[in-house]
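Fit the two chains together into the complex; they arrive one by one in their own frames, and the hints show the way.
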Amino acid sequence: MMWKKKIVGFFCLSILSLGIFAFSYKPELHKSKPFPYKQMGFSKEEAAAYLLNRFTFGPTPGQVQTVANEGIENWFYQQLESNDPDTAVTNRFNSLHLDAVDLSLTDMVNTYPNNGVIVTMARKAGIIDKNDTGIAKQEYRQKLRAFMQQQGFKPMPDLERQLIVQKIVRAAYGNNQLQEVLTDFWFNHFNVSLTKPACAPYILAYERDAIRPHVLDNFDELLLATAQHPAMLAYLDNASSVSNNNPEEAKRLQKLAFNNNGALKKRAAAEGLNENYAREVMELHTMGVDGGYTQQDVTTLAKILTGWTIYPMFKNSPANEQIQKLSPEVMEKRGFVMQNGFLFRPNKHDDGPKTFLGKNFPANGGYQEGVVALEMLAHHPSTAKFICTALAKHFVSDTPSNNLIQQMANTFLHTNGNIKSVLITMVSSKEFWNKNNERAKIKSPFELAISSVRATNAQLTMPYQIFNWCNRMGQKFYYYQAPTGFPDRADYWINTGSLLSRMNFGLAFAAQRIPGIQVNLLALNNFHEPESAEAALETYSNILLPTRNNEQNIQRITPLLHQEHLTQKISAAQSKNNNEATNNEIVMQTQAMNTSSTPASLSRVVGIIIGSPEFQRK
Amino acid sequence: MNRRIFMRNGAMALFAAGIGGVPNFIAKAATAGNRIIQPFQKKKTLVCIFQRGAMDGLMAVSPYADPNLKLMRPTLYMSPAQTEGSMIDLDGYFALHPSLKSFYPLFQSKQLAIAHGVGSPNPTRSHFDAQDFMESGTPFNKGTDSGWLNRAVGLMGKPTTPFNAVSITSALPRSLYGNNQALAISNLNDFALQMRDNPLAVQSTASSFEALYDNNSSQLLQKTGKESFEAMKMLNVNNLKQYAPKPGVVYPNSALGNALRQIAVLIKMDVGLEVAFAESGGWDTHVNQGTDNGILARNLKDFSDSIAAFWEDISAQQDSVTLMTMTEFGRTVHQNGTGGTDHGRASCLFVLGNDVQGGKVYHQMKSLAKENLEDQRDLPVSTDFRSLFSSVANTHLDIHQNNILFPDWTGNGIPIMHNS
Chain P
1 MMWKKKIVGF
11 FCLSILSLGI
21 FAFSYKPELH
31 KSKPFPYKQM
41 GFSKEEAAAY
51 LLNRFTFGPT
61 PGQVQTVANE
71 GIENWFYQQL
81 ESNDPDTAVT
91 NRFNSLHLDA
101 VDLSLTDMVN
111 TYPNNGVIVT
121 MARKAGIIDK
131 NDTGIAKQEY
141 RQKLRAFMQQ
151 QGFKPMPDLE
161 RQLIVQKIVR
171 AAYGNNQLQE
181 VLTDFWFNHF
191 NVSLTKPACA
201 PYILAYERDA
211 IRPHVLDNFD
221 ELLLATAQHP
231 AMLAYLDNAS
241 SVSNNNPEEA
251 KRLQKLAFNN
261 NGALKKRAAA
271 EGLNENYARE
281 VMELHTMGVD
291 GGYTQQDVTT
301 LAKILTGWTI
311 YPMFKNSPAN
321 EQIQKLSPEV
331 MEKRGFVMQN
341 GFLFRPNKHD
351 DGPKTFLGKN
361 FPANGGYQEG
371 VVALEMLAHH
381 PSTAKFICTA
391 LAKHFVSDTP
401 SNNLIQQMAN
411 TFLHTNGNIK
421 SVLITMVSSK
431 EFWNKNNERA
441 KIKSPFELAI
451 SSVRATNAQL
461 TMPYQIFNWC
471 NRMGQKFYYY
481 QAPTGFPDRA
491 DYWINTGSLL
501 SRMNFGLAFA
511 AQRIPGIQVN
521 LLALNNFHEP
531 ESAEAALETY
541 SNILLPTRNN
551 EQNIQRITPL
561 LHQEHLTQKI
571 SAAQSKNNNE
581 ATNNEIVMQT
591 QAMNTSSTPA
601 SLSRVVGIII
611 GSPEFQRK
Chain C
1001 MNRRIFMRNG
1011 AMALFAAGIG
1021 GVPNFIAKAA
1031 TAGNRIIQPF
1041 QKKKTLVCIF
1051 QRGAMDGLMA
1061 VSPYADPNLK
1071 LMRPTLYMSP
1081 AQTEGSMIDL
1091 DGYFALHPSL
1101 KSFYPLFQSK
1111 QLAIAHGVGS
1121 PNPTRSHFDA
1131 QDFMESGTPF
1141 NKGTDSGWLN
1151 RAVGLMGKPT
1161 TPFNAVSITS
1171 ALPRSLYGNN
1181 QALAISNLND
1191 FALQMRDNPL
1201 AVQSTASSFE
1211 ALYDNNSSQL
1221 LQKTGKESFE
1231 AMKMLNVNNL
1241 KQYAPKPGVV
1251 YPNSALGNAL
1261 RQIAVLIKMD
1271 VGLEVAFAES
1281 GGWDTHVNQG
1291 TDNGILARNL
1301 KDFSDSIAAF
1311 WEDISAQQDS
1321 VTLMTMTEFG
1331 RTVHQNGTGG
1341 TDHGRASCLF
1351 VLGNDVQGGK
1361 VYHQMKSLAK
1371 ENLEDQRDLP
1381 VSTDFRSLFS
1391 SVANTHLDIH
1401 QNNILFPDWT
1411 GNGIPIMHNS
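The listed protein sequences derive, respectively, from chains P and C.
Those letters in the first sequence? Residues 1 to 618, per the working numbering, in order.
Those letters in the second sequence? Residues 1001 to 1420, per the working numbering, in order.
Only chain C is shown next, with the shape it has when bound in the complex (with noise of 0.2 Å):
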């Protein structure tokens, strides 16, 4: 059997001072030098986002030309033709709201595709039930016991680093749920023993500790144990400062540019991800949403800065990258009595990647009018969002088992992404 080594300029550190037993591992990887070796696969990453709360997508990327909408939203009604804080206008139709403007130069570039009117074929308003089925993937059944990206990981063959499936939450997130290995971690500087001590005694500890779960009868604990000591060596918290954001790029200081910046950090460090997962709160806009100023749009500026400062971050890695946003449903097509919205049905999402046809905004939506509502209030679902995350993960990572990836579905994918 290949024994992994994962050696990277400066992973020694924690150990450099060599006192006490070499561990084992230390010794084999001496004699290959400090040359990169990369026994796995180079495989793609895919970034997903869940709005949670819900995002009014129809404010966020508006369908302003229908006359509809105004005649709904009397106060939280916005066009490209207004003077100031205006919106962008994307295709004579729709147009982003103002504070999504760093996606702008992404949609140009044609990197960034928008799909709208997608949503779960489950009806129900409930953001726990939704949230639910959206990342088990089975939207009528709540059994399932794992997410589809944990079915997306398992797919894609073993696990070939401690990395493969990193959510950078507290708790996994239920579309991590399942068999295939996945880690959560808040913060990466978690990734290391944690002592107030001299050097030596972390070092004796860390020793310790290895000794230990090398020699232990369990065979999961002593390999995990192995596992462990290697992505702390593979990460080593001392190297992470290495990993700072490219010059120029700032990312806003909220929990998803927090998350993003991690993960930009372990897509350069190639470190074997492949899916990763990060959250964004706050969408659940009741009351005074706002428009060019307000809840919502403080909430798509922090979201939309983050991705973008994320994207020029990765900007060498960029072609094995793809993210994708989700959230578990949209919002009333009218507006409420407190000056937001109620929960609705259909929102939209974004897909950002080199191999993303984007620059358009994919829909089947119909217009606007009463009759077109689902239950005479909501954006109704013209794309199931299983449509789309098949779509992206058959192209992006490769994978089509689409029976596995959302058993008891058997629709197909949209034109969304390059050769699908």
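Okay, chain P solo, but in the shape it has when bound (with noise of 0.2 Å):
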């Protein structure tokens, strides 16, 4: 590892820092404490299913009942845990070849370089002249891959597709859930997005390293390793703001004026503070838009945070020969930070004392004041109050009663931001259990498609093609642009068009007709092929939709499934209309009833069991 934390400079420690950092929230994990579902009216089984349905992308086959005979707490505890080695998730790593989701950062910047600066080096290099494109464009791209090939770079669409899979196969099969869940709500809450060219080679080790080894401990810690990721840090702009109000920096430029460096000058000077960080960090990361802030504070802040920027990692850059040539002792006696990705850069920071939500910041903060100030966010009443919102929202339903929502508060503000805690609380909670709340919030697009892999045990040889129809259904993860992140109610995923989608999504699914996805649906039924369809569509209701009440259902769907069976009925539509096409389909597919392993009307089935209302809920 080339990066080893260094955090120099410190002088300038508060009070208030240096009581959150010594301490790190620890929970006592009351594991005979009961959550109250009994007296709320569910079933051991029932409450299983709930349970699996909100904390997992869906339950298995089978899983509702083993985790309501160990006893539901057990299962909650124990993936608060999230300490599963999951080795089967690295073996598919392995066997789809990702090489890339276990590079540090550095490697994975020196690897996958964006393509200006590949276009540069080539030419650098005499590989290629600058009249090269446009002219000759095949002849261009094989001289640029042959480049690439001999420096070792590999292009940036392959990181993009490994980020993308590595997401669908820890979902699909791994076995810390409720990490894997958490890290889908945080990273949502915290986005970041593929659409940003500057931001995109960093995204994969910003959900790996800011995001999924902090999802269950304090929320100042999230914030903090967000903060100073090179991904956010291009993304919302910090990494380019900068202040000249500091004595090192005035020096310089009075020396360029000197020496008459006009460009240089005039380069140093249109820099400058850029408030986008500062004002998303309160508006959509800690405390609300409503949360108690004024304009000033965000301008604040942005100076605050002046100098936060991303270290020059690329190994060709003029930059990171500059700061080579550095030793640490230098640079620590500077003021400089260095941390993984995350650089602070002393001479580009606001000096100046400062007031921050009525907190004055004397002048000469540094590095530190930086941290002082989002340490204030992280445990500021809003935020409790914004964060636990967001929870039961994801959790609970769309909107979560005020009751819950400040029992968890109160939960954060006592436990320094411990989101297990919070967690607890939600979970041990009566309002949680409130019968209302079952099966009322909407599967995203992905965990659509995911808990139709995990309930039929699906084989993905081709994980890539899950992320195509989360495409179509609406979610084209981690494309979403704006620093928001995707709505998380129903009526943003619930549309005319996504609604389809999503039915044609179940269609395709079961029918095989998905590429690299491999569904055995008479496995799921110990290879008992039913007898009728509704026969099929009891049995198979029973699989996909444990606990849930499908008597209805199939009383009402069972006479219009029931017609394609009567083969007179085939063969009389066959004998009334001519169409050859319709012909044709009628021969393939009375022949795939007969070759196939799963026939086509069980296919049929199950595909109308993904696609209905009741598969869509969670």
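No wet-lab data here; the hints were simulated from the structure.
Honestly, I wouldn't trust all of these hints.
[As the list claims (entries may be wrong)] Distance windows between CB atoms, simulated: (1) Asn1403/C / Asp491/P: 50 to 60 Å; (2) Asp1398/C / Tyr77/P: 22 to 32 Å; (3) Asn468/P / Asn1253/C: 45 to 55 Å; (4) Arg1196/C / Gly272/P: 53 to 63 Å; (5) Gly1281/C / Asn526/P: 46 to 56 Å; (6) Asp1398/C / Gly116/P: 39 to 49 Å; (7) Asn1187/C / Pro157/P: 52 to 62 Å.
[Unchecked claim] Pulled a few chain C residues facing chain P out of the computed Cβ check, cut under 10 Å: (8) Phe1128; (9) Gln1131; (10) Asn1141; (11) Thr1144; (12) Ala1171; (13) Leu1172; (14) Gln1181; (15) Leu1183; (16) Gln1194; (17) Ala1201; (18) Thr1205; (19) Asn1216; (20) Ser1217; (21) Thr1224; (22) Val1287; (23) Thr1291.
As the structure is a computational prediction, the values presented were derived from the model and not from experiment.
Cβ coordinates follow ideal geometry from the N, Cα and C atoms, glycine included.
See below:
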């Protein structure tokens, strides 16, 4: 590892931050305390199904019964530990050749440089000529490809593919399901996007290093990790937010003026404050838009965070060469801070005195004042309420009760924002177990797709296909452009176009028309082939939707389904309809029924169940 | 409550065999016969095209008469005086790029107006940020969760059909994010149950889904399910073939041509389309952008041919349709060292419609003398994009709450539309 945690220039430690960093809250896990599901009218199995629907990407066959037998509290607390080694996931990563998932951030940046960098390097090396572009496209691309190979570079789309595939694999096959569900939740909360090229190369590392390890930690750790990650620094522009209001820079600018270096001086003057991150961190990540901060607070926070930028990791960059020349001792003395891809540049920090949310920050606060400001945000009562509302909306219902939010926020404030403790408070509350909340949440397209894979023990040999379908259903994950993340509510996901796509997903999935997805429907029923459409509907409804009351639906659609089994009707239609294509289709389908291990009618029944409204609910 | 009924000739085709339980809506509709019922109030349609990557407005609609341009663009400069592949003079000052020649008849018939020097007051030269700001309609606030076109749909009143706002893209664009129903679909043919099965099986599957959604206790799923099946029947994919382009109209075989062809289908089917959205890419011409031949020329040709084909295709519906283009910023006045142009500030955009006061280039640009340029390099923004967008929306869509359309903005429109 090239990076070692270095915190230098630490002389401005405030009492506040000392108190927080020295101590990380560990919740008492009261394993004996049962969740109040019985008194709220849930059977053990219903309670298990409810928990599995909310805290996993969907139950696997038989899992509801297993968890009900072993005790839902035991299962939940075990999930809070998230310590399963998950070798199944690692094995799949290997067989899918996901070789980027474990690269260090530096290696990643040096393996997947952006296209502009590659072109510039190739030009410098004389591999391509600047007039080459657009003229001989084929040849130009070949030259570039050869150059990339020689340099050990790989194309960005490969990294994006690996990012997407690893998420699908972890969600479908990982054992630490709660951790994955929370990774999905917190990533969306602290959204970054592949649509911004400057941010794209860092996103895999962002989710892996800044999000996943902290999803059950104290909130301040999560906030700081995201604030200092290159992905966020690039996405919300803090990397380019600088100030010349400090003696070192003033001296340099004077020297530039003296040497009459117009270009450099002009560049320095053009740089300035960027409020983007400072605004969003309060509005979207912590306090919420009505959390009680002013425009003055936004500007001040932006000043506090000036100089927080991305460490120049690309080995051929002038900035990297420049910084490598400096010895760690010199950098430490000058107040630089480096940590993974994060760099604090003291010469670009605003050294003036500041007042933020009513607290005075004396002059020369350096790096540490940013940490203190983020700590203030992490522990603010508005943040407690805002974060607990978001959690309750995700895990309970789109309209959680104030009472529940208040209980969770109290825990948040008393435990330094410990996420585990907040979740325990939520699941131990009567509000969580209100029967009205059962099945009240609608699955996102990703949740729908993954829950289908899990419910049928499907094998994904080409997981990227899941992404294509999620895109069609309205969730191009990792590509949401706005910092708000995907809206976490049913009416965002459910519209006429997307609902039809969900039905088509169910049909395509069960009929194995999606390449690289293998589903053995007969195996789910111990290789007993159902004798009729009713039997298939009943059996597979109960396998795919355990503990739901499927009776009424079965009754309702049995007569509709039954039609297709009457061969007379098919042949009647055949004789009536002389359309050649239709005849061929019927012939093909009859053949399929005879040869395939899964009868087409069974695929259709399962497709209908997956596309049905009940399966959209969790 | 009035139950909405959407019936078109042949809309029952999918269920024509009449096997199994006849769904309620068919029973009801059948009594109305084949009469076309239009329960929704006929509204206007605004078609928006986003040119992603930032179009070089100074080459598309060139202020050729400004002597500064030739000096700053020694190899990119073009003028109508040149004989071959020459530009088309518009008013003695501006000229159309030769690849935009299919725009010229529309300009002459005064249906096409050009607005120049348009852009965002936020000086960002980042594609991401500038697109974000232009689409949210709030150039200084990234946190805005809705897009301006979604707010426009909201201002037009309650959605009356599933096709009020449609984007012919795979994902919903930032412009249509928001609380009002909007549909993103890249191919209208996807708007059907997709099964490789015999018609009876498809039909029984469709009826099964319909029965299940109708029976679900979640109001949202029940309601949207109903709308989906209505939309599916309304759009009956089998009927799409009937909406072949008008004889003689040929769309370019490109993403934009294809998207506009589908928008024309929705307009002709009269499904209640109010806002339509399409995109066009490849405008980021940093290298060898060419003059009358090259990357930009090819893009401009596809762009104008697609729009002209669309306009001709909907000639019977032109009174109710206005089309507007947008692009996140313009490009540097100077050409760069690689025969291209870098990210700049203002660009130009096109507005096409019968309620447009066309045949004119609207602008408040000064000469391109260095002292007039922003940061001494870029065409400054002399018209806020919101001035233009609001003028089009105010007149064509008859919505006037600019404080909702563009919060934090108190500027005025420009007289580019009739009666505005």
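Hint numbers contradicted by this structure: 1, 2, 3, 7, 23
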